[in-house]
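Colleague: Sequence:
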Amino acid sequence: MPYYRAVGSIPPKRHTQHRAPDGTLYFEELMGEEGFSSDSSLLYHVHIPSAIEEYRVWEMPDQTLVPNHPLTPRHLATHKLFEEDASGIDAVTGRRLLLGNGDVRIAYVVADAVSPYYRNAIGDECLYFESGEADVETVFGDLAAGEGDYVIIPRATTYRIVPKGRVRIYAIEGNSHIGPARQYLSKHGQLLEHAPYCERDLRVPTDPRIVAEENVEVYLKHRGPGGVVGTVHTLPHHPFDVVGWDGCLYPYAFNVRDFMPITGKVHQPPPVHQVFEGYNFVICNFVPRKVDYHELAIPVPYYHSNVDSDEVMFYCGGDYEARKGSGIGQGSISLHPGGHPHGPQPGAYERAIGAEFFDELAVMVDTFRPLELGEAARDADDGIYAYSWARGEGR
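Under the numbering used here, the first residue of the sequence shown is numbered 3, with each subsequent residue one higher.
Derived by calculation from the structure, the hints in this document are not laboratory data. As the structure is a prediction and not an experimental result, all values here were calculated from the model. What you were told as hints is all true, and nothing was included just to trick you.
Below, in silico cross-link-like pairs of lysine-lysine (DSBU-like), each with a Cα-Cα straight-line distance of 35 Å or less:
1) Lys189 / Lys15
2) Lys82 / Lys292
3) Lys292 / Lys267
4) Lys189 / Lys292
5) Lys82 / Lys166
6) Lys189 / Lys267
Cβ-Cβ distance ranges computed for the label pairs, FRET-style:
7) Met262 / Gly341: 32 to 40 Å
8) Ser42 / Arg202: 18 to 26 Å
9) Thr18 / Gly341: 50 to 58 Å
10) Pro272 / Ser42: 31 to 39 Å
For every residue, glycine included, the Cβ atom is placed at its ideal position computed from N, Cα and C.
Produce the entire structure from the sequences given, and follow the hints as far as they go.
Modeller: In structure tokens:
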């Protein structure tokens, strides 16, 4: 996040003494990207942030990935993953891995329990709240999140998710940083006039708070033998002990309803729907919007072969016009792998002619390396989606 903020108590000059009212020193922590060469923030702690009392292995849920071979388009019904009573599941340890490669992992969870404190030491996270409400408590302060919210959490930020009832979260975990699409940014990082959202749409954490608690466990996801592994650190003092911070790196939230869709006389390509990006992947959203107004327009997408990318579409609201007749509904995911031409289901091409408005909501991730299947994808795959274009609508 490229915009400077100063929150709470900080000294006039960085890297200088900052003392509590009783004269004790606060401990300054630089949290920065790309070594010391990119965005960063300085946080001022009551206690030493490096202190560890104990450590142990976190036995994570199954993180194995298998190739999508033979190459197959797939329909994953995520709501079936948590059909039984999901009580007691939290939004960190309860995530089930759907898809992944060396650049990004996509998971899904239905949760109603408070998560442990958690840090992703591999990359930034983009959490999309399909439904429900929660407080996302972070070392920078808290964010209230609800239906339609994206929450962007920088790598190594300590946080936890406190649901208010049951939440459904679609988690996009990068192996890099995630931020606004570069096509929308000035050379200094300001969102430009043609961008479909602006800084006013972003919500930032409330003031940090000091939690007086000892022997607190923090779950860490990090790289290790064989790929993604976990460790639990027990800290002598609560990680939320920050009296103030300043800088350009912090979590923030953005609601999909604040995305202003770009439309045209004929069908616009997916890049106009882009909202965020990471290394080797982009995140787009398709929102309710007026559609093409040329007198001969066909508003649904033309058939296309993304030779350089896999396309993952998460259907999270409305009625996605191009997929009618395929069995896809709320909570479904379609995977269209690179090398396979895809497009509207049979009948959708013709039905769309004359349409003036699409009431649909979907989050799309396009990756530039092939995606492999996690245990949740193998469990949620309907097994018949690949045949839906050949067999016709409703078969």
